[in-house]
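A.B. asks: Keeping their order, the protein sequence lines are chains A and B. For any residue, its number in the working numbering is found by taking its place in the first sequence, counting from 1, and adding 71. For any residue, its number in the working numbering is found by taking its place in the second sequence, counting from 1, and adding 3.
No lab work stands behind these hints: they were computed from the structure. It is possible that part of the hints are untrue.
[Stated by the list, open to error] To spell it out: a stretch of chain B is covered by chain A in this simulated footprint if at least three of its residues, at any positions, have a beta carbon under 8 Å from a beta carbon of chain A; those stretches are:
no.	region
1	10-24
2	52-58
3	64-72
4	76-84
5	87-99
[Said to hold, decoys possible] Just some of the chain B residues that point at chain A, by a computed CB distance under 8 Å:
no.	residue
6	E7
7	E36
8	F107
Positions of the beta carbon are idealized from the N, C-alpha and C atoms, including for glycine.
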Amino acid sequence: MNGSKGEEEEESVRELLRDRFRLSSISIARSEALRGGMEVSDPVLACIGDLSFKYAEKLAVDLELFARHAGRKSVNMEDVILSTHRNEQLSVSLRSISNTIKVKEPQSEKKRKKPPRKEDKSVPSTIHIDDL
Amino acid sequence: MEDEPTFDPDLIHAIFKKVWTRRAQERARNEAEDVIEGEAAAGPSKKNRSTSVNANGLKLSCELLRLFVTEAIQRAATIADAEGSTKIEATHLERILPQLLLDF
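Chain A with its partners taken away, still in its complex shape:
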């Protein structure tokens, strides 16, 4: 197993993702500043881009911990809301956003729980008649 080569590739993939993320982050930041009639300096954009990526990775760690603590392997909206527990305003905002997301959910994604039933499968017994 190529330990160091594999690690190099991993790191370059991570850097690619990081750069794409930072570009998105900058786009969001600029747009938000414009909404307030403001410009943003480049150092500020670079800082926000960097910080938000670090936050994203930290969020991934927290979400995994919450899901696993709840005995799940899959992260859901409750985990995301829980990750904001230090800031009540933020939790409230997220919960209301989550309700909006739930409302927009297509019907097919809603699971209906069927109560498990034991069915009496009466197998017709085959009577073996030996032809004499």
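We have chain A; now place chain B onto it with these hints.
C.D. replies: Chain B alone, transformed into the frame defined by chain A:
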């Protein structure tokens, strides 16, 4: 048509998966070390399979990350505005950074 840019769920998903597979590999490595040190492993541990995220969880995560960026800008903009400036500079960001990091 969306006016506001947002994070691409696929991008966020990729970033999350990278983190989760890295951590799953670390757990597997630690478990292998435990075995070598003489502890009996009860078969492949459930912890080694990496975490996943459902569609809504991913959407909400994108929203949360977007909020982080917009909060940073909004708070810094408030400071800049109070100083009579129309450009958000590093000094403005510095002022709001501690509370921002505490809040998130």
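A.B. asks: All hints, please: hold or fail.
C.D. replies: Outcome of the hint check:
Coverage of a stretch by a chain is defined here by at least three residues with a beta carbon nearer than 8 Å to that chain's beta carbons; for the region 10-24 of chain B and chain A the count is 10, and the condition holds. Restraint check on the region 52-58 of chain B versus chain A: 6 residues with Cβ-Cβ distances below 8 Å, three needed, restraint holds. Proximity of the region 64-72 of chain B to chain A, defined as three or more residues with a beta carbon under 8 Å from a beta carbon of that chain, is established by the 8 residues found. Check on the region 76-84 of chain B: 6 of its residues sit with their Cβ under 8 Å from a Cβ of chain A, so the three-residue criterion for coverage holds.
With a cut-off of 8 Å between beta carbons, the region 87-99 of chain B has 7 residues touching chain A; three or more are needed, and the interface restraint holds. Proximity of E7 of chain B to chain A holds as hinted, the smallest CB-CB distance being about 6 Å (cut-off 8 Å). Evaluation of the E36 of chain B hint against chain A yields a violated restraint, the C-beta minimum of about 15 Å exceeding 8 Å. The criterion of a C-beta within 8 Å of any C-beta in chain A is met by F107 of chain B, whose closest approach is roughly 6 Å, and the hint holds.
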